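**Student:** Next come the chains, spelled out residue by residue.
There are 4 protein chains.
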Amino acid sequence: MSKDSYHKTWKDRLHDIIYEADTPIGKVFDVTLLILIVLSIIFVMLESVKGLPNDIYNILYYGEWVITVFFTFEYIARIIAIKRPSRYIFSFYGIIDLLSTLPLYLSFFLTGTSALLAVRALRLLRVFRILKISRYIGESNRLVRAIKDSGAKILVFLFAVLVLCIIMGTVMYMIEGEENGFKSIPISVYWCIVTMTTVGYGDIAPTTPLGQFIAALIMIVGYGIIAVPTGIVSAEYAADRKSGKVHLNTQVCSNCNASDHKDGAKFCHKCGEDLHNE
Amino acid sequence: MSKDSYHKTWKDRLHDIIYEADTPIGKVFDVTLLILIVLSIIFVMLESVKGLPNDIYNILYYGEWVITVFFTFEYIARIIAIKRPSRYIFSFYGIIDLLSTLPLYLSFFLTGTSALLAVRALRLLRVFRILKISRYIGESNRLVRAIKDSGAKILVFLFAVLVLCIIMGTVMYMIEGEENGFKSIPISVYWCIVTMTTVGYGDIAPTTPLGQFIAALIMIVGYGIIAVPTGIVSAEYAADRKSGKVHLNTQVCSNCNASDHKDGAKFCHKCGEDLHNE
Amino acid sequence: MSKDSYHKTWKDRLHDIIYEADTPIGKVFDVTLLILIVLSIIFVMLESVKGLPNDIYNILYYGEWVITVFFTFEYIARIIAIKRPSRYIFSFYGIIDLLSTLPLYLSFFLTGTSALLAVRALRLLRVFRILKISRYIGESNRLVRAIKDSGAKILVFLFAVLVLCIIMGTVMYMIEGEENGFKSIPISVYWCIVTMTTVGYGDIAPTTPLGQFIAALIMIVGYGIIAVPTGIVSAEYAADRKSGKVHLNTQVCSNCNASDHKDGAKFCHKCGEDLHNE
Amino acid sequence: MSKDSYHKTWKDRLHDIIYEADTPIGKVFDVTLLILIVLSIIFVMLESVKGLPNDIYNILYYGEWVITVFFTFEYIARIIAIKRPSRYIFSFYGIIDLLSTLPLYLSFFLTGTSALLAVRALRLLRVFRILKISRYIGESNRLVRAIKDSGAKILVFLFAVLVLCIIMGTVMYMIEGEENGFKSIPISVYWCIVTMTTVGYGDIAPTTPLGQFIAALIMIVGYGIIAVPTGIVSAEYAADRKSGKVHLNTQVCSNCNASDHKDGAKFCHKCGEDLHNE
Numbered sequence: 001m002s003k004d005s006y007h008k009t010w011k012d013r014l015h016d017i018i019y020e021a022d023t024p025i026g027k028v029f030d031v032t033l034l035i036l037i038v039l040s041i042i043f044v045m046l047e048s049v050k051g052l053p054n055d056i057y058n059i060l061y062y063g064e065w066v067i068t069v070f071f072t073f074e075y076i077a078r079i080i081a082i083k084r085p086s087r088y089i090f091s092f093y094g095i096i097d098l099l100s101t102l103p104l105y106l107s108f109f110l111t112g113t114s115a116l117l118a119v120r121a122l123r124l125l126r127v128f129r130i131l132k133i134s135r136y137i138g139e140s141n142r143l144v145r146a147i148k149d150s151g152a153k154i155l156v157f158l159f160a161v162l163v164l165c166i167i168m169g170t171v172m173y174m175i176e177g178e179e180n181g182f183k184s185i186p187i188s189v190y191w192c193i194v195t196m197t198t199v200g201y202g203d204i205a206p207t208t209p210l211g212q213f214i215a216a217l218i219m220i221v222g223y224g225i226i227a228v229p230t231g232i233v234s235a236e237y238a239a240d241r242k243s244g245k246v247h248l249n250t251q252v253c254s255n256c257n258a259s260d261h262k263d264g265a266k267f268c269h270k271c272g273e274d275l276h277n278e
Numbered sequence: 001m002s003k004d005s006y007h008k009t010w011k012d013r014l015h016d017i018i019y020e021a022d023t024p025i026g027k028v029f030d031v032t033l034l035i036l037i038v039l040s041i042i043f044v045m046l047e048s049v050k051g052l053p054n055d056i057y058n059i060l061y062y063g064e065w066v067i068t069v070f071f072t073f074e075y076i077a078r079i080i081a082i083k084r085p086s087r088y089i090f091s092f093y094g095i096i097d098l099l100s101t102l103p104l105y106l107s108f109f110l111t112g113t114s115a116l117l118a119v120r121a122l123r124l125l126r127v128f129r130i131l132k133i134s135r136y137i138g139e140s141n142r143l144v145r146a147i148k149d150s151g152a153k154i155l156v157f158l159f160a161v162l163v164l165c166i167i168m169g170t171v172m173y174m175i176e177g178e179e180n181g182f183k184s185i186p187i188s189v190y191w192c193i194v195t196m197t198t199v200g201y202g203d204i205a206p207t208t209p210l211g212q213f214i215a216a217l218i219m220i221v222g223y224g225i226i227a228v229p230t231g232i233v234s235a236e237y238a239a240d241r242k243s244g245k246v247h248l249n250t251q252v253c254s255n256c257n258a259s260d261h262k263d264g265a266k267f268c269h270k271c272g273e274d275l276h277n278e
Numbered sequence: 001m002s003k004d005s006y007h008k009t010w011k012d013r014l015h016d017i018i019y020e021a022d023t024p025i026g027k028v029f030d031v032t033l034l035i036l037i038v039l040s041i042i043f044v045m046l047e048s049v050k051g052l053p054n055d056i057y058n059i060l061y062y063g064e065w066v067i068t069v070f071f072t073f074e075y076i077a078r079i080i081a082i083k084r085p086s087r088y089i090f091s092f093y094g095i096i097d098l099l100s101t102l103p104l105y106l107s108f109f110l111t112g113t114s115a116l117l118a119v120r121a122l123r124l125l126r127v128f129r130i131l132k133i134s135r136y137i138g139e140s141n142r143l144v145r146a147i148k149d150s151g152a153k154i155l156v157f158l159f160a161v162l163v164l165c166i167i168m169g170t171v172m173y174m175i176e177g178e179e180n181g182f183k184s185i186p187i188s189v190y191w192c193i194v195t196m197t198t199v200g201y202g203d204i205a206p207t208t209p210l211g212q213f214i215a216a217l218i219m220i221v222g223y224g225i226i227a228v229p230t231g232i233v234s235a236e237y238a239a240d241r242k243s244g245k246v247h248l249n250t251q252v253c254s255n256c257n258a259s260d261h262k263d264g265a266k267f268c269h270k271c272g273e274d275l276h277n278e
Numbered sequence: 001m002s003k004d005s006y007h008k009t010w011k012d013r014l015h016d017i018i019y020e021a022d023t024p025i026g027k028v029f030d031v032t033l034l035i036l037i038v039l040s041i042i043f044v045m046l047e048s049v050k051g052l053p054n055d056i057y058n059i060l061y062y063g064e065w066v067i068t069v070f071f072t073f074e075y076i077a078r079i080i081a082i083k084r085p086s087r088y089i090f091s092f093y094g095i096i097d098l099l100s101t102l103p104l105y106l107s108f109f110l111t112g113t114s115a116l117l118a119v120r121a122l123r124l125l126r127v128f129r130i131l132k133i134s135r136y137i138g139e140s141n142r143l144v145r146a147i148k149d150s151g152a153k154i155l156v157f158l159f160a161v162l163v164l165c166i167i168m169g170t171v172m173y174m175i176e177g178e179e180n181g182f183k184s185i186p187i188s189v190y191w192c193i194v195t196m197t198t199v200g201y202g203d204i205a206p207t208t209p210l211g212q213f214i215a216a217l218i219m220i221v222g223y224g225i226i227a228v229p230t231g232i233v234s235a236e237y238a239a240d241r242k243s244g245k246v247h248l249n250t251q252v253c254s255n256c257n258a259s260d261h262k263d264g265a266k267f268c269h270k271c272g273e274d275l276h277n278e
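In the order they appear, the protein sequences are chains A, B, C and D.
Position 233, counted from 1, in the first sequence is what UniProt numbering calls 233; the numbers after and before it change by one each time, with no gaps.
Position 107, counted from 1, in the second sequence is what UniProt numbering calls 107; the numbers after and before it change by one each time, with no gaps.
Position 90, counted from 1, in the third sequence is what UniProt numbering calls 90; the numbers after and before it change by one each time, with no gaps.
Position 197, counted from 1, in the fourth sequence is what UniProt numbering calls 197; the numbers after and before it change by one each time, with no gaps.
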């Protein structure tokens, strides 16, 4: 895949390893990273569980240190390996990577660590970058495109559902009233969303005959309109499926960080940099 | 878009601003209106929440006054700007607009304001008219058409579901009986709708073995038939998607209030009036 | 539609009225029948509600008598109007019609009327025959065909879901055990069906960590496989939509009771009888 | 179907009976087996129910013996009938068949029988092999293929849902906290899966306004993305539907156990063995 690797500087080789997954070492690196991320998430989850033996909490603490150190080195390496670091640092994954390393360092300054939990959970988003190593790359590209194509339509649809929920929630507030659990309009709207999306917790449920009748109507309508977004995605996906070639390489430009290059492309489609991919 | 605006009277210009969104002022007007409507809905919701500081209830009261005055002027402007006011007044949005301004005035005569809550919530429907300013116009037009095309079929389907629910509700009433929460046939039918639509509150749940067996059957059937409306919309939408050009302008005839004109149309397709759109 | 109606005997004319809906009187008859059936169902439902004024129970009792008498005459008329009565009597709707008239007569002999409730609810099925008067006839024909085409596949699918539920139900019975509400394997299977179909009553819910983990797996799998029947119906319906002419008449052969004749057909496609439809 | 059956050895004939379903005896064998498997599953389920008369437990015990003996003979026959027994023994169904016969024998050595329950429930999987006798064979082949084709995409999708659930679960843990039932992050993630898949038990439900707001967002998002796997399967299935011939025979090679032969094939597509199918 890279006959001319002797032309590459060590920076180029570092770039191939950590940004791409077409070489064996690049794959090993990605799998290691994947395992560490998953471990890290398991640590975050276990820390919140009460009543485990103290030894486990100690392991979680030291494990977090090891992962943080690895993430720190990886973050620095990513900045070094690219020619224009700002292109990486301010990209979506650049910010996620930074947030993945910070929590432990910040916990020295901030005592309430719970606020940092969600930040640590964001590490999981990094997994999506690594997915490119797998055979799922083509599938996920196509999926993302189908969702993007359907996005505007589904947003319009979800907005219409929300408007319907606000109107019906107000109606149910007037019918059922505060004594039956519909304490305010926001609560009623929450109930209406729970019902319309067919989640149906049952923490709030209509008890008056008229309320139950309206609720049944809302359910039947919700049952009918759940078909709409599905129909949209089906049609978009089917159309996309016919049109389409999907690229299967994981090339990332070492200058401007652009990805999604054509299979076999030699130069970056964005900045013209050599992709070292012959 | 409107080179000949010097030919337009002030009424025509007012019409462009409040009925259309192809000019900058028209867009500003629509965005202002959108913000006011959303604010108004937030006010309605917050008013129903108990236990907030008194200051907030005061702000809500004066905010409602400001919005009502704006809506009143807007309603009058809409009547003035159109050549045949009756076309607007008795249209769907004309009635919604009137209902949007009335509640506060009516509250002087009617003491129980709760009956006016739902009317105020209807204001939200006005948002759909404003959506034309956005890039979602094409999508929503296509969505509405797909739903209309599928409408008759989905109604037939929902009716069949309702018949099934009534029959199975009666059966469950006989099996489970009043001691297990199935107090009457209407309640049993309500339970059956809750189950069939996969909402599943759990406020009523079968407890006898036979009842649970029948309930499991109802669920599996419901799971199988949820596919039907989806299939219909998918097929309709896919067919519509192929056939289709959608108009992206927001022209409204200043004489007869007709919309949905062809892109670049100069005259109303309904009454022949000049659209002042050159 | 029927220029040669003077050739018709009174039996033929009766047949046109009660079996078909292409003539004005036929439509009036069908609408009357529709109203009576719906009324009858409302009566069945209200009878089961406790705590209403006694007057209402009296009205329900006499109303049931009126409806039963009408249904009795209608049943006799249907037998007279057809040349081969056995074709009607032993048809699906023939049996439903008989069951619709019997309950009140049987209640003289059988004291426990509750067993007859479900039979009375079956009257609702008669509505589907009357639907042919409406503009929905084409839609419902196409719907029924799409469901028939998908039937075998959806059955295979539902059977697979059932097998999965039995296996996972047994696993959950072993994990959660009787102390957490999973009292026996049938109950666990019932829980698994409730979960897999996303109904989720919450009357039984896993409480052990392992149980919750398995339950989460079951839900995610259920979420993924709900797509399968939908995809099937979508594809079948889309294929059917392209292929297809649907007949819009309501002709029924007065000899053999066959329906679904071609628009403009003069003779029964099954027995060759003249359809009197010129 | 088999004119040259006189060329066949008794082993070949045994093979036709127990591995295939194209001959009358093969069908009888398969139906017998189907009934025994279903009976066996009913026995497993009933055994777990408490409070039945002792006689029934006795019948279940002896019934289990009869079925085990039959399964034992069947397993031996299957090994004899095939030329390369290892091909059967280590195949998926070979292992399932072995597991179907063992539980009762093992219960002599192992006292806690509950661990063997799930193994006995696995017998149900054998039903899928027998389904080949039915007219559903074509359908299920096509179904399986559509699911296989969509598999990678749906896995990517389910993984994305899982990541979303972990992140939102962590957020809800911080918002709602332990006092509202969100005791740890794993529990919160479990709640998020229950909500996102629209199961909605209601054993854990948000009670703070912010928590309910986030929950409503999660539901609406879940409602929107349920469309994605459906769209995928629809498109794959529709594409598959057009492309395709499906084989309707149940031929299994007596040498290497390969199935899925072309209709009318004379020799095994895998090892070249004569299929004795002329």
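Note that these hints are calculated values from the structure, not bench results.
Among the hints, a few may not be true.
Note: identical chains are not told apart, hence a pair may lie in one copy or across any two.
[Said to hold, decoys possible] For lysine-lysine, the following DSSO-like pairs were computed, each having C-alpha atoms within a straight-line distance of at most 30 Å:
id : residue 1 : residue 2
1  : 50        : 270
2  : 266       : 183
3  : 183       : 270
4  : 8         : 50
5  : 11        : 50
6  : 148       : 11
7  : 27        : 148
8  : 266       : 83
9  : 8         : 83
10 : 266       : 50
11 : 50        : 27
12 : 148       : 183
13 : 148       : 50
14 : 27        : 183
15 : 183       : 50
16 : 27        : 8
17 : 11        : 183
18 : 148       : 8
19 : 148       : 266
The structure displayed is predicted, hence computed values, not measured ones.
**Student:** Hint by hint, note whether the structure agrees.
**Tutor:** Verification of the hints:
no.	hint	in the structure
1	50 - 270	neither (51 Å within a copy, 56 Å between copies)
2	266 - 183	neither (64 Å within a copy, 53 Å between copies)
3	183 - 270	neither (56 Å within a copy, 49 Å between copies)
4	8 - 50	neither (52 Å within a copy, 68 Å between copies)
5	11 - 50	neither (46 Å within a copy, 63 Å between copies)
6	148 - 11	neither (34 Å within a copy, 42 Å between copies)
7	27 - 148	both (28 Å within a copy, 26 Å between copies)
8	266 - 83	within (17 Å within a copy, 55 Å between copies)
9	8 - 83	within (14 Å within a copy, 58 Å between copies)
10	266 - 50	neither (54 Å within a copy, 65 Å between copies)
11	50 - 27	neither (37 Å within a copy, 55 Å between copies)
12	148 - 183	neither (38 Å within a copy, 36 Å between copies)
13	148 - 50	neither (41 Å within a copy, 41 Å between copies)
14	27 - 183	neither (55 Å within a copy, 38 Å between copies)
15	183 - 50	between (34 Å within a copy, 8 Å between copies)
16	27 - 8	within (19 Å within a copy, 54 Å between copies)
17	11 - 183	neither (62 Å within a copy, 47 Å between copies)
18	148 - 8	neither (37 Å within a copy, 41 Å between copies)
19	148 - 266	within (28 Å within a copy, 35 Å between copies)
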